[in-house]
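Listed here are the chains, written in short residue letters.
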Amino acid sequence: MTKLLELDGVSRTYSSRSGLFGAPIPVRAVDGVSLSVAPGRTLGIVGESGCGKSTTGRLALGLERPDAGSVRFAGAPMPAPGTAAWRRQRARMQLVFQDPLGALDRRLPIARQIAEPLVVHGIGNRAEREARVAALLADVGLPAELGRRHPHELSGGQRQRAVLARALATNPSLLVCDEPISALDVSIQAQVVNMLADLQAERGIALIFISHDLKVVRQVSHEVAVMYLGRVVEQGDPDEIFAEPAHPYSRALVSAVPSVGPRRIERIVLKGDPPNPADRPSGCAFHPRCPLATAQCRAESPALRPLVDGRLVACHLAATRRLVA
Amino acid sequence: MFRYLSFRLLRAVLTILLVVTFAFVVLRLSGDPALTILSPDAPPAAIAAFRHEWGLDQPIWVQYLDYFAAILHGNLGQSLRDGRPALQVVAERIPATLVLTLPALTMKVLLGIPAGIYAALHRNSMADRAVMAGAVAGFTVPSFVLGLVLVLVFAVQLGWLPSGGQDSWQATILPVVTLGLGGAGILARFTRSAMLEVLGQPYIRTASAKGVPWRAVVTSHALPNAAIPTVTVMGFMVGSLIAGAVVVESVFSWPGVGRLLVVAVANRDLAVVQVILLLVAATMVTANLAVDLVYGMLDPRMRAAGAR
Amino acid sequence: MPDMSASERAAGERVAGESRPDRPLVEIRDLRVSFEGVPALRGIDFAVSPGEAVGLVGESGCGKSITWLAALGLLGPTARVSGSVRLQGEELLGAPPARLDAVRGGRIAMIFQDPATALNPVHRLGWQVEEALRLHRGLEGAAARAEALRLFERVGIPDAARRLASYPHEMSGGQNQRVMIAMALAGAPDLLIADEPTTALDATIQAQILDLLREIQAEAGMAMVLISHDLGVVADLCTRVGVMYAGRLVEMAPAAELFAEPQHPYTCGLLGALPDMSGPRRRLVAIPGSVPEPGRLPAGCAFAPRCGFATAACAAGVPELEAVGEDHHAACARLPLPDAAAA
Amino acid sequence: MSATQIDGATQIDSAGQIDGAGINGAGIEGAVVVAARQRRRGMPVAVICALVWLAAMLAVALAADSLRPYSITAIDLRARLQPPVGFGGSLRHLLGTDELGRDVLSRLIESVRVSVLIAFGATAIAATFGTTMGFIAAHFRGLVEQAVLVLIDFQASMPFLIVALAVLAFFGNSLPLLVALMGLYGWERYARIARGLAIAANAQGYAAAVRQIGARPLRIYLGHVLPNIASTLIVSATLSFPEIVLLESGLSFLGLGVQPPMTSLGNMVGFGREYITRAPWILLAPSVTIVLTTLCVSLLGDWLRDRLDPTLS
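Protein chains in written order, with my numbering: chain A, 1 to 325; chain B, 1 to 308; chain C, 1 to 343; chain D, 1 to 313.
Calculated directly from the structure, the hints in this document are not laboratory data. Please note: incorrect hints may appear among the correct ones.
Per the computed footprint, the stretches of chain A lying under chain C, defined by three or more beta-carbons under 8 Å from a beta-carbon of chain C, are [unchecked claim]:
id, region
1, 98-112
2, 163-171
3, 191-201
4, 253-263
Below, a sample of chain A positions facing chain D; criterion: calculated Cβ distance under 7 Å [stated by the list, open to error]:
id, residue
5, 90
6, 117
7, 123
8, 126
9, 268
10, 269
No experiment lies behind these values; they were computed from the predicted model shown. The beta carbon of each residue, even a glycine, is placed where N, CA and C say it ideally should be.
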């Protein structure tokens with residue numbers, strides 16, 4: 001299957017400094033990540049705060065430029081942010097934020113905001129745009145009269161639908177959803193998840209779904225990447241990864257999901273906090289918290305290698321452990 | 001902490017540099033000193049000679065460096081009025097100003113901070129409203145109006161206190177009260193809002209939830225946090241000790257730095273104005289550094305920000 | 001109860017084995033709270049027995065946190081509170097401040113959602129724990145210091161001796177939450193209220209904190225109320241669970257029973273809306289509509305407009321909690337539901 | 001100051017993956033109270049009075065020429081130092097006359113016009129300049145931002161009256177200079193607000209959303225950010241407006257602001273001071289006007305702040 005978006009070994013380093021004269025500390029937010037997504041498919045990215053999943057999303061959208069590696073969209077390299085070509089390309093890829101209220105301009109009625117991408121990209125005349133907005137509102141299941149309201153007059157779920165309608169206005173082929181449901185109430189999350197699935201089925205959009213909620217990622221993804229400290233540590237089919245995680249970190253993450261139903265994986269409680277990206281441990285970044293770490297793990301950073309079943313794992317012990325399991 | 005302080009010190013130097021540059025630029029922009037001093041119809045040869053003597057024919061950056069060097073040597077020019085060094089003219093006036101501003105500062109702090117705290121703790125009560133009304137009056141009534149009204153009542157009508165001059169300690173009462181009342185209002189208002197902000201923080205609820213009696217919640221949990229923003233305002237007040245009484249000194253004909261400044265501005269006595277400007281900047285910068293030090297003591301997060 | 005860890009089982013057996021005491025530890029009767037005329041809590045009856053772990057779940061604004069803040073007198077002056085909250089028979093609502101101070105942190109301790117802002121930024125962590133020790137156990141100086149160190153070690157803070165001198169901003173969220181727990185334990189309380197203790201934390205840290213809470217609750221034999229919007233978190237830790245909606249308790253049952261056989265349509269809906277972690281993927285069953293705003297509640301049952309089972313009768317009156325099984329109560333006019341299991 | 005240090009360090013995953021921190025807990029109580037407040041829309045009596053007074057001042061400023069009974073320079077030496085009506089004066093001069101027999105009411109009306117115009121002009125300049133600087137800092141970040149921050153620091157740390165006096169000493173006095181000078185007053189507050197809010201909106205908010213739609217910076221800042229922060233800026237303006245009035249009247253009182261034959265409120269107080277014992281009305285009329293005006297704008301500002309923007313302290 002041809003890929004719509006390909007990230008090839010992308011890295012992004014921020015230099016964090018304290019004040020004007022503090023010494024700059026390089027922080028590797030994303031470190032050599034290769035991912036791809038095909039039309040009509042969903043790539044889920046999971047991990048804890050500071051693991052670089054949001055930055056990966058921004059790199060995928062071309063909102064930031066990688067310091068190393070390349071991002072290709074529909075076969076072509078990503079133009080530099082802020083250029084005319086970059087702005088034109090926005091019509092083909094869109095971002096959905098975590099906080100729908102923050103992402104909407106609270107002073108403009110919903111319909112005008114949904115129409116804004118059309119205005120920015122000079123699509124259609126006034127009447128055509130109005131018709132398109134009406135169609136978009138219907139697509140995301142919002143009554144037409146809601147278009148006249150302002151964001152604060154809508155409920156959380158309705159707002160996220162409006163944000164989705166705006167993202168879909170230019171018929172993008174890629175949608176990056178960064179924690180799209182974590183600001184919503186439990187009973188509303190399912191509505192949005194279902195709608196995303198429906199929209200993808202109808203329009204064949206490629207989705208990158210970034211979330212810390214493993215249950216939801218499993219629900220929506222065709223492929224999933226687990227990130228830890230800027231790197232992908234495990235990548236593959238969500239059912240396989242969540243049923244039998246190969247990387248000790250994925251295993252701990254999966255086992256930590258609070259669940260109402262029966263638990264399939266015995267609970268593993270990791271020691272310590274996720275380390276500061278500015279102070280990366282040597283070797284495998286996970287080794288200080290890993291219950292299985294060996295001398296090799298402390299010295300040598302594992303590469304992402306395929307296992308027999310096709311999934312990729314970055315762990316020195318994964319291959320042997322699979323045999324044991 | 002060391003990094004933090006050296007960073008602040010650098011900023012302080014930068015501020016002084018900016019002030020000096022500002023004075024230089026304004027001085028050069030305000031007209032050719034040769035023409036100003038010699039009068040425009042002086043003979044061209046005299047003007048050229050003057051320019052050469054004062055280095056005005058040099059490139060602008062050389063002039064700037066010279067200017068700087070002169071300031072570093074304490075050479076700040078002569079007062080137009082009597083030809084004495086401007087620095088000396090200004091320095092003579094400082095004690096008179098401090099006689100007003102120091103008691104006024106004490107009054108602001110002793111009156112403003114407790115009133116602000118009390119108002120915050122009794123939000124929406126009559127006392128709160130009274131304090132807030134006083135505070136609003138404190139900064140909406142200009143000091144010259146307040147001063148004149150006080151003169152009208154206590155000097156003219158009642159005849160209890162002198163309306164000006166500096167022959168007795170009684171003469172300081174009206175100017176000090178004028179300065180103190182306005183500042184106390186501002187401080188009360190600021191303290192109140194800082195206190196209200198802190199009282200709304202989750203850690204106050206935590207303290208109550210662990211059974212800390214309300215009085216102790218206020219004294220050992222809320223006050224140390226509310227002190228942090230209040231210190232900034234106090235720093236500004238300390239920084240204006242030298243020139244904070246421009247208007248009030250004029251109202252009461254008080255021979256301090258402020259009155260000197262007004263007269264110097266009216267006479268375009270540039271050297272004196274410059275000295276006062278630098279002096280004020282230096283006091284402000286020192287006060288701000290002191291504030292930073294106090295910050296470091298009050299707020300552990302600040303120490304970390306510098307140490308990182 | 002098919003899926004419990006050893007410690008959970010132990011806790012469960014202990015509660016069962018001790019034979020439910022006649023008198024509950026805390027008993028809340030018809031607790032109502034309103035802010036400037038807008039009701040936030042509309043009559044809650046709730047009891048906690050000694051040593052048991054109760055969960056309270058619900059969405060934002062349902063009143064689950066306000067219940068306990070009101071019970072301990074921690075709401076601001078804008079709140080109007082009525083009803084009754086009894087701690088082993090002693091009325092807490094309207095109790096004198098000195099009495100409340102002794103109860104808060106001493107008999108009933110509370111930990112909050114965001115540990116970073118719940119700790120005082122200008123005081124050392126050790127000082128903050130020692131303050132509680134001084135207030136409730138009368139410990140001073142070296143004794144307090146030693147006890148604080150013991151508590152820090154108990155809650156698993158690495159390098160505890162040095163951490164006593166740290167400030168909150170020098171610690172991670174998980175470590176700060178451990179400090180909050182140490183502070184709560186300082187008064188040796190009979191009841192710990194944990195208000196969304198893991199919501200602001202990462203998944204692996206959440207697991208650590210939940211484990212710690214479970215351990216400590218079992219070890220100290222104290223009762224615990226776990227407030228959370230996450231059904232999974234509550235299922236993990238609690239033996240009994242209450243579900244709240246729009247300022248009322250709509251269902252209350254033993255945890256296993258609640259999750260296996262929910263009775264109230266809202267509970268059914270919440271469970272249906274959760275994706276599974278294993279098994280085949282199914283389309284989620286979403287609850288239509290959204291949570292009503294506190295000031296604009298519908299007449300009658302507040303859930304009726306979103307409820308698939310609602311009839312005209314549901315808008316007529318607010319249903320009361322009624323027994324639908326042993327120790328299982330639900331507030332729904334349509335019980336038993338025509339086809340509850342299907343929902 | 002500390003803001004620079006903080007946002008330098010928090011760039012990584014600014015998305016804030018904190019799991020629904022805003023949904024539960026302490027926010028609820030606030031939300032309920034806000035909901036309750038929104039239902040009670042009403043204006044306190046004091047604010048209505050303030051609005052009426054301010055409207056009157058504005059009307060006086062605009063229609064000064066037709067309201068004024070006498071020319072401000074009309075000297076009537078036979079009617080010097082006449083008291084106002086009610087204190088032994090005549091109806092010819094409602095507020096009495098000054099030492100040259102000029103009508104105090106007429107001079108007051110003209111003074112209101114001058115003072116109000118200066119304050120309005122200066123506020124507009126400060127708001128425009130400050131907001132632009134704030135946006136520039138927020139858009140370019142890096143060194144540009146640091147430079148703006150140093151300027152903000154400088155402006156905030158020097159007592160403005162001293163700087164203004166220095167400028168007047170060097171440049172002499174003229175009305176355009178005075179307005180421009182007053183226009184520098186308080187620009188740093190607008191710059192701070194504009195920078196802070198624009199950075200927030202850029203980080204994870206509506207501005208970021210519009211940017212990734214493909215909008216140009218001008219559209220983002222003028223079409224979205226400015227309207228969204230306008231209420232905060234307006235509140236800030238109402239809070240600094242009275243300060244400008246006070247500053248101008250202070251300068252004029254010292255004889256260094258508005259120069260005769262023009263007249264302003266501070267100017268009138270300054271000249272009236274000589275006659276404080278014999279004719280206090282010359283100084284009391286403009287004093288009362290200043291106090292009432294600054295008081296009313298402050299009241300209005302406080303009320304607006306509570307209504308529109310409780311975050312502004």
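Going through the hints against the structure:
Coverage of the region 98-112 of chain A by chain C is violated [criterion: at least 3 residues with CB-CB distance below 8 Å; count 0]. Against chain C, the region 163-171 of chain A contributes 0 residues with a C-beta closer than 8 Å to a partner C-beta. That does not satisfy the three-residue criterion, and the hint is violated. Counting residues of the region 191-201 of chain A whose beta carbon lies closer than 8 Å to any beta carbon of chain C gives 4, which meets the minimum of three for the stated coverage. Using a Cβ-Cβ cut-off of 8 Å, 11 residues of the region 253-263 of chain A lie near chain C, which meets the minimum of three, so the contact claim holds.
Evaluation of the residue 90 of chain A hint against chain D yields a held restraint, the C-beta minimum of about 3 Å falling below 7 Å. A hinted interface residue such as residue 117 of chain A counts as satisfied when its beta carbon comes closer than 7 Å to some beta carbon of chain D; here the least separation is about 5 Å, so the hint holds. A hinted interface residue such as residue 123 of chain A counts as satisfied when its beta carbon comes closer than 7 Å to some beta carbon of chain D; here the least separation is about 11 Å, so the hint is violated. With its C-beta approaching chain D no nearer than about 17 Å, residue 126 of chain A sits outside the 7 Å limit, and its interface hint is violated.
With its C-beta approaching chain D no nearer than about 20 Å, residue 268 of chain A sits outside the 7 Å limit, and its interface hint is violated. Taking 7 Å as the C-beta cut-off, the interface hint given for residue 269 of chain A is violated, the closest approach to chain D being about 18 Å.
Hint compliance for this structure: hints 1, 2, 7, 8, 9, 10 are broken, all remaining hints hold.
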